[in-house]
Structures are given as C-alpha cells and as structure tokens.
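First to last, the protein sequences are chains W and E.
To convert, take the position in the first sequence, counting from 1, and add 26; that gives the working numbering.
To convert, take the position in the second sequence, counting from 1, and add 26; that gives the working numbering.
I should point out that these hints are in silico values taken from the structure, not numbers from a laboratory.
Warning: the hint list may mix true and false statements.
Note: identical chains are not told apart, hence a pair may lie in one copy or across any two.
[As the list claims (entries may be wrong)] Straight-line C-alpha distance at most 30 Å; calculated DSBU-like pairs for lysine-lysine: (1) Lys-311 with Lys-241; (2) Lys-314 with Lys-377; (3) Lys-182 with Lys-32; (4) Lys-229 with Lys-435; (5) Lys-311 with Lys-47; (6) Lys-112 with Lys-370; (7) Lys-47 with Lys-112.
There are 2 protein chains.
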Amino acid sequence: MTTWIKGGEVLQLTPQCHLEKQDILVEDGSIAAVGEVPAQTKADQTMDARGKLIMPGLVNCHTHSYMTLFRNYADDLSFQQWLFEKIMPVEDRLGGEDAYWGNMLASIEMIRTGTTTFSDMHMFKHQCVQSCADTGLRAVLARGLACGQEDAEGGKRRLDEAFEEMEEAKKGGALVSFMLGPHAIYTCHKGYLQELEALAREKQLRFHIHVSETKHEVDSCKEEHGVSPVQYLAGLGIFDRPTVAAHCVWVDEEDIDILREKNVNVVTNPVSNMKLGNGFAPFTKMHKAGINLCIGTDGAASNNSLNLFREMSTLSYIHKGVDLEAQSTPADLMLRCATLNGAKALGLADKIGSLEAGKRADLLLIDLDRPQFQPQNDLVTGLIYAANGSEVDTVLVDGRVLMEKGELKTIDEEQVYFEMEKRRQKYLV
Amino acid sequence: MTTWIKGGEVLQLTPQCHLEKQDILVEDGSIAAVGEVPAQTKADQTMDARGKLIMPGLVNCHTHSYMTLFRNYADDLSFQQWLFEKIMPVEDRLGGEDAYWGNMLASIEMIRTGTTTFSDMHMFKHQCVQSCADTGLRAVLARGLACGQEDAEGGKRRLDEAFEEMEEAKKGGALVSFMLGPHAIYTCHKGYLQELEALAREKQLRFHIHVSETKHEVDSCKEEHGVSPVQYLAGLGIFDRPTVAAHCVWVDEEDIDILREKNVNVVTNPVSNMKLGNGFAPFTKMHKAGINLCIGTDGAASNNSLNLFREMSTLSYIHKGVDLEAQSTPADLMLRCATLNGAKALGLADKIGSLEAGKRADLLLIDLDRPQFQPQNDLVTGLIYAANGSEVDTVLVDGRVLMEKGELKTIDEEQVYFEMEKRRQKYLV
Chain W
27 MTTWIKGGEV
37 LQLTPQCHLE
47 KQDILVEDGS
57 IAAVGEVPAQ
67 TKADQTMDAR
77 GKLIMPGLVN
87 CHTHSYMTLF
97 RNYADDLSFQ
107 QWLFEKIMPV
117 EDRLGGEDAY
127 WGNMLASIEM
137 IRTGTTTFSD
147 MHMFKHQCVQ
157 SCADTGLRAV
167 LARGLACGQE
177 DAEGGKRRLD
187 EAFEEMEEAK
197 KGGALVSFML
207 GPHAIYTCHK
217 GYLQELEALA
227 REKQLRFHIH
237 VSETKHEVDS
247 CKEEHGVSPV
257 QYLAGLGIFD
267 RPTVAAHCVW
277 VDEEDIDILR
287 EKNVNVVTNP
297 VSNMKLGNGF
307 APFTKMHKAG
317 INLCIGTDGA
327 ASNNSLNLFR
337 EMSTLSYIHK
347 GVDLEAQSTP
357 ADLMLRCATL
367 NGAKALGLAD
377 KIGSLEAGKR
387 ADLLLIDLDR
397 PQFQPQNDLV
407 TGLIYAANGS
417 EVDTVLVDGR
427 VLMEKGELKT
437 IDEEQVYFEM
447 EKRRQKYLV
Chain E
27 MTTWIKGGEV
37 LQLTPQCHLE
47 KQDILVEDGS
57 IAAVGEVPAQ
67 TKADQTMDAR
77 GKLIMPGLVN
87 CHTHSYMTLF
97 RNYADDLSFQ
107 QWLFEKIMPV
117 EDRLGGEDAY
127 WGNMLASIEM
137 IRTGTTTFSD
147 MHMFKHQCVQ
157 SCADTGLRAV
167 LARGLACGQE
177 DAEGGKRRLD
187 EAFEEMEEAK
197 KGGALVSFML
207 GPHAIYTCHK
217 GYLQELEALA
227 REKQLRFHIH
237 VSETKHEVDS
247 CKEEHGVSPV
257 QYLAGLGIFD
267 RPTVAAHCVW
277 VDEEDIDILR
287 EKNVNVVTNP
297 VSNMKLGNGF
307 APFTKMHKAG
317 INLCIGTDGA
327 ASNNSLNLFR
337 EMSTLSYIHK
347 GVDLEAQSTP
357 ADLMLRCATL
367 NGAKALGLAD
377 KIGSLEAGKR
387 ADLLLIDLDR
397 PQFQPQNDLV
407 TGLIYAANGS
417 EVDTVLVDGR
427 VLMEKGELKT
437 IDEEQVYFEM
447 EKRRQKYLV
C-alpha cells in the first residue's frame with residue numbers, strides 16, 4: 027500500500043525548524059521518500075496537500091488517558107480537595123470498561139489536535155492496549171505501580187498486571203510498547219523500588235515515574251530520606267535505566283545536574299502544574315543544562331484538555347514571562363520538545379518524531395486556510411503562537427489515516443460520547 | 027425583526043456563572059426576553075440552540091486590530107529588536123487601506139473565536155469605523171495620540187484626526203463609540219497630556235492608555251518625574267476621567283491603591299506581556315483590591331492571536347502558577363472579566379456584557395458536541411479550561427447574525443486573505 031502526499035509544506039527540524047515544499051511517499055506504513063518523488067511513481071492513493079503544512083505527529087509524553095471521565099469535574103479546588111475529595115474516591119470504583127471508554131474519548135481529542143503517540147500511566151489491565159488496537163494511535167504504556175509498606179499483595183498484583191498486559195499485547199494489532207511505571211516515591215516503598223530497578227535491568231525496560239511534582243513531595247522526602255526525590259531515585263539506581271520523569275517542578279541545581287548526568291528525560295506539564303497550584307518548572311535552566319525535555323498534558327482531570335498545541339504555546343509563553351526574556355523558549359524548541367525529543371524519551375527516535383525516509387509515517391496535515399495563519403508570514407512560529415489545535419485536518423499513524431479532512435476514520439464519536447455520558451451519570455452525579 | 031433562540035443552555039453571570047435552560051427572544055437587535063417565551067409568540071425566524079451553550083459575546087478591551095499584518099512576523103525577539111527593527115519601520119509606511127484590511131482580518135478571527143466588542147487603539151482615519159460598518163462588530167475606538175516635545179504639529183494632527191473620526195462615525199452604520207487614546211506617558215509630553223485631560227473633561231470622553239507595561243517605562247518615569255507612571259497620570263488628573271489602562275504589569279501596592287481609588291479599569295494582556303518578556307501583572311492583588319479587571323489580547327504583532335478563549339485560560343493558569351494556589355483566578359472570574367467587566371470598562375454595561383432583557387443581543391452559540399466538553403461535567407469551567415475558541419458556532423451582534431454554524435455572513439474571507447497576502451508581499455518580504 028502506497029500513499030503519495032503531494033504539494034505540502036513539510037516541517038523539517040534540522041538544522042532548525044523550517045518548511046520545505048516536498049512530496050512524501052508512504053509505503054507500507056513507513057516514509058519511503060521525502061522530497062522529489064519520480065513522476066512515474068505508481069501510488070495506490072494520492073493525497074492533495076496543497077495549502078497544507080505537513081508536520082510530524084505530536085508526542086504526548088505524560089498523560090493518564092482514562093481520566094477524561096474527570097474532565098471539567100473538579101476545577102478551582104486545592105490540590106488536597108481535588109485529589110482526596112473528588113478524584114480518588116471515584117477512581118477507586120472505576121472498572122476496565124470505564125477505562126476503555128475514557129481512553130477512547132482521550133483518543134478522539136488527541137487525534138483531533140494532532141497527537142499521534144502518547145505515553146500513558148494507567149491503572150487497568152488490557153483496556154489501553156485494546157483502545158490503541160481500535161483507534162490506531164501509537165502508545166507507550168505503563169501500568170502505574172504502587173506499593174505501601176503494608177501492601178505487598180497489592181504491589182505484587184499491580185506488577186503482575188503490568189507483565190500480563192505486555193504479554194497480551196504480543197497478540198498484536200496495537201502499536202504499543204511498554205515501560206515500568208512506579209507511580210512516585212511517596213506511593214512506592216524503598217524495597218519495592220529496588221525490586222523494580224532489578225526487574226527493569228533484567229528485562230531491559232524503561233521507567234516512567236512522577237518526580238518532584240509538588241513542594242510537599244520534596245519536603246517530605248527530605249524529611250524522611252534526608253535527600254531530594256531526584257537524589258533518592260538516583261541513589262536507588264532507577265536513573266541508570268532510561269527514564270521518563272514527569273513534572274520535575276521542584277528541582278534545584280543539584281537535581282538538575284543529576285538529571286543531566288543520568289540522561290533522564292524530563293516531561294514538563296505546564297498547564298497541569300499551574301492548574302493545581304504547583305508552579306513553574308525551571309524549564310530554561312534544565313534546557314541550558316542539556317537535559318532532553320519533552321511535553322505532556324497530564325490527565326484531563328488536571329488540565330482539562332489533551333491538546334498539545336495549547337500546551338506548546340503555554341509552555342513558551344510562561345517561561346518568557348518567568349525569565350523576563352522574550353527570546354526564551356522559542357517556537358523552534360517547543361516543536362522539537364513535542365516531536366523528536368518526545369520520541370527520544372520514549373525510545374522511539376528511530377521510528378518517529380521527524381519526517382525522514384525510513385521512519386514510520388506518523389504525520390499531520392495542517393489547514394493553513396485559517397485567519398490565525400494569515401497573512402502567511404512565519405508559519406513555523408505560527409504553529410506555536412497563533413494555532414489553537416483546531417487546524418489539524420488529517421492525521422496518519424504508521425501510514426494509516428486516522429482522520430481525513432476532520433473526519434475520524436477509526437472511532438464512532440457519538441458512541442464514545444454516549445458511553446462517557448452514561449458513566450458521568452453513574453459516577454459523578 | 028424577531029429571532030427566537032430555542033432550547034439552549036444560557037450562561038448567566040449572577041450570583042455566579044451558571045447555566046439555565048432558557049429561550050431567548052431577540053427583537054430589533056435587543057433582548058426582549060430570556061427564559062420562558064410564550065408558545066404563541068410569532069417570530070420572524072427561529073434558531074435551534076439545543077446542544078448549544080449560549081453566552082454573552084466576549085469583550086476584548088485592548089487590541090490594535092490593524093496589526094494583523096504583523097502576525098507571526100517578529101517572534102522570539104527582544105522587545106527592542108521587535109519594536110524598533112521589525113515593527114516600527116514598516117508601521118510607518120502603512121496607509122489607510124492597509125489598516126482597513128488588517129481590521130478585516132482581525133474581525134474574522136474575533137468573530138470566529140467569539141469576540142463581539144473590541145476596544146481598539148489605532149493610527150488611522152476612518153478605516154476602523156468602515157470595517158465595523160462592514161463587519162457588524164461593535165467597537166470602541168481610540169485614535170492613538172502621541173506628541174513629543176518637538177512635534178506640536180504631529181500631536182495636533184493626530185488629535186484632529188481623532189475628532190474627524192468621531193464626526194465621520196455620526197453618519198451611522200457602525201456600532202462604534204470613542205475614547206481619547208493618549209498612547210503612553212513616554213510618547214506624550216506633559217503639556218499634551220494636560221491638554222487631553224481638559225478636552226476629555228469638556229467633551230465627557232473616556233481615556234484608553236498604555237500604563238506600566240515594561241519595567242523600563244517605570245524606571246524612566248521615576249527618573250524623569252520622580253514618581254511611577256500611575257502616580258504621574260493620577261497627578262495630571264487623567265484618572266479623574268473614566269480610564270481603561272492597558273497592561274499595568276509593573277505596578278506596586280501604592281499604584282494599586284491609586285488605581286482602585288480612582289476606579290481605573292485595568293486591562294490585563296497576559297499573553298502579550300509574557301511574549302515580549304515583560305512578565306506577569308499582579309492580577310490577584312489587583313482583584314483583591316477591588317479593581318475592575320478586564321482582558322485584552324493586545325495586537326497580533328505580540329500575541330499572535332486575537333482569540334479570547336486562549337487568553338482567558340492562559341490568564342487563569344498563569345496566576346494559579348504565580349500564586350502557587352489552585353483556587354486563584356477561577357473560571358467564574360475569567361468569564362466575568364471577558365464579559366461584564368469589559369462592558370463596564372468601556373462604558374457599555376447598560377448595553378452588553380450579559381444576557382438580560384433590555385440589553386442588546388450580542389451573544390454566542392457554543393457547540394458542545396466536541397470532545398473537550400465530554401463528558402458534560404461542568405460546562406462553565408469547561409469554557410475556560412478545555413475550550414480553545416474553535417467551538418464558537420454562531421455569533422450575533424446587536425441581533426444581527428455575523429456567523430451561523432461556522433459560516434461568516436458579513437465578510438468574504440478569501441478576499442481578505444488575498445488582500446493581506448498582497449500586503450505581506452509588499453511590506454514584509
């Protein structure tokens with residue numbers, strides 16, 4: 027199966043983000059050519075990309091997709107009220123079917139706003155694998171692992187489920203890979219983290235973990251262990267495995283040195299961190315230190331949107347504001363964080379993150395016929411400073427068309443809305 | 027002419043923002059009834075608002091609409107480079123026709139993202155009145171007034187043009203009113219400001235002025251006049267007239283006391299202030315002091331979008347982040363700032379800003395059939411934390427339909443894009 031995408035303005039990331047008028051030939055899910063495609067080429071289908079910008083699909087490096095149930099449900103509340111009064115009591119009652127439909131709703135919003143790969147931390151069994159098989163999205167999954175001192179059985183069960191999910195996925199059909207997902211230092215006791223570290227080493231798995239999201243987490247860690255969460259995790263050898271560390275809001279210079287030295291991939295979640303009153307991560311300092319930075323939306327319970335265009339622009343603005351420096355967090359860096367850096371963080375840089383021959387065809391067609399792109403000055407900076415995510419017109423993942431001209435090809439939206447509304451009535455009213 | 031809008035969820039602002047299933051009857055441009063409309067009512071047209079949220083049109087209290095020419099043109103540059111190397115040299119060459127098409131492009135984006143009234147500071151003659159006559163948008167216009175010590179002639183010319191514009195508008199056809207627009211303390215010498223103060227008093231006009239946007243402005247003012255810009259303007263009597271003060275980023279507690287005492291309306295422009303590296307206004311402090319706060323996008327040269335939905339959500343997030351407090355800048359306050367507070371600031375609170383019988387019919391229908399509103403938990407907070415502005419479906423201003431189901435009724439978009447692209451080629455390439 028070959029698809030010839032003709033006449034678009036292709037976003038290339040090197041040496042810095044710029045556009046080139048190029049054709050793209052997709053063959054069996056992978057990019058066969060970018061640039062000139064010989065006129066005599068026979069393609070099974072052609073796609074007219076004139077007046078469109080073509081860019082790599084976006085990579086959301088930290089979310090909890092099942093949480094769309096809680097979208098617009100618990101806003102303007104303190105972190106304590108939000109988590110302990112509103113989210114956790116309901117979350118405990120959710121089953122696998124609920125998670126599946128939550129994933130499906132998340133998938134609708136992600137596809138519509140240009141995310142083609144997401145890194146998910148969840149609490150269920152095979153539902154996220156199933157939703158990926160159904161939607162065609164690419165994902166890196168991590169069953170959230172927690173184990174308090176008195177909960178050896180729960181800890182073991184969660185870990186068993188994580189490996190069951192990996193086995194289940196081998197049946198195929200879903201574009202998924204896996205990480206080990208210790209939730210955080212305050213939900214996993216030391217012995218459990220040590221066990222996970224040994225397992226990850228043995229099975230060559232990566233880690234996905236929340237790190238230094240709140241001041242409270244850091245203060246408690248220092249009190250209990252005498253060191254910061256970053257130092258504590260480094261001491262346990264966690265960072266000797268490739269790691270995706272979500273948040274890293276309350277990290278100091280010493281922490282930043284460690285994150286850099288250990289090549290930890292940091293996922294910043296600007297909207298969630300502000301919305302829950304946790305503040306601003308030291309993004310510019312981490313960037314200057316040379317850390318691989320990528321972007322996540324976090325779950326819909328604390329964002330409330332999974333729209334990475336909104337996240338990229340917000341990320342840029344806030345650090346220009348914090349740094350009092352208009353040249354901070356430029357558009358080029360934002361696009362890199364949301365594409366190639368994300369791919370690197372997830373161990374997928376050989377497959378996705380840029381539009382190059384040999385990579386898988388995960389790409390977006392952006393409709394330029396919108397006021398926010400007029401007049402057509404710099405369309406690259408326009409993607410960050412003027413777009414709102416609604417300009418995504420067509421989405422391919424692994425060469426498969428998931429959305430064409432705004433129409434979803436793999437999901438029945440009405441059914442998903444119906445199933446989610448039913449669950450809202452059941453759990454939240 | 028009567029329009030019966032049936033079956034929508036109407037956003038009411040008191041006692042706090044909430045939804046009520048209500049019909050709205052529009053008669054000759056004004057809201058005749060909200061709530062139950064007698065079944066025997068005969069309307070010239072009905073509008074099916076089932077599955078839609080109906081809200082007051084948004085009020086953009088500070089923009090420079092002609093500046094859309096510069097959208098995505100000068101990004102990630104220092105304030106100095108941005109203004110003196112990129113914007114000003116071109117701006118000086120623009121004529122009235124250029125301003126007209128810039129206004130028209132701004133109008134497309136404003137209508138599409140739910141702005142029905144904008145407060146504009148511009149540099150031209152009758153072009154903004156003309157564009158309002160053509161588009162049907164409501165506006166409050168202020169010819170930007172500047173006068174250096176050696177430029178008495180220029181100062182007089184600009185002032186003459188301001189009054190000419192007011193005369194011209196009397197011919198009718200445009201929903202416009204006027205303010206006096208001294209640009210800023212650093213572009214108007216003291217004598218000129220005094221002259222404007224006397225004129226405003228005599229002619230009962232309001233002021234629209236930039237205040238304490240940059241640290242440099244405040245430092246220079248203190249050096250030259252020994253006081254802050256707020257104190258300086260208060261001393262000149264400017265604030266004894268109703269005033270819309272744009273930015274107010276670098277204001278201290280003493281300034282805030284004065285702004286409150288003088289009932290100055292403060293327009294915050296969060297995105298522009300971050301994008302140019304000017305930082306965060308002390309929004310929460312000003313709110314607690316009781317100042318009437320409203321929202322502006324500033325011009326497209328420094329934003330780069332005129333989308334107030336994006337502005338409202340950003341405003342909320344950043345102050346939760348700055349305050350380290352999830353309960354800061356709640357959704358309710360954001361909606362109020364962008365509607366009723368804006369109407370008050372512009373002297374239009376008797377006409378617009380809320381959906382009440384007797385007010386003019388400036389309203390939006392929001393399409394709820396989008397993933398960002400699913401499941402339908404709190405749709406009021408959803409407007410701030412999940413919407414991106416693309417959900418605006420239908421727009422009425424003064425009872426006239428400017429957009430219906432995404433289709434603009436008063437503007438030929440293709441023509442506007444063509445005219446703007448021509449000007450980009452002429453001035454910016």
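Now the hints, each set against the structure:
1. Lys-311 with Lys-241: both (18 Å within a copy, 23 Å between copies)
2. Lys-314 with Lys-377: within (27 Å within a copy, 52 Å between copies)
3. Lys-182 with Lys-32: neither (52 Å within a copy, 56 Å between copies)
4. Lys-229 with Lys-435: Neither. Shortest intra-copy (36 Å) and inter-copy (62 Å) distances fail the 30 Å Cα cut-off.
5. Lys-311 with Lys-47: neither (35 Å within a copy, 50 Å between copies)
6. Lys-112 with Lys-370: Neither: 35 Å inside a copy, 36 Å across copies.
7. Lys-47 with Lys-112: Between copies, since 26 Å is at most 30 Å while 50 Å is not.
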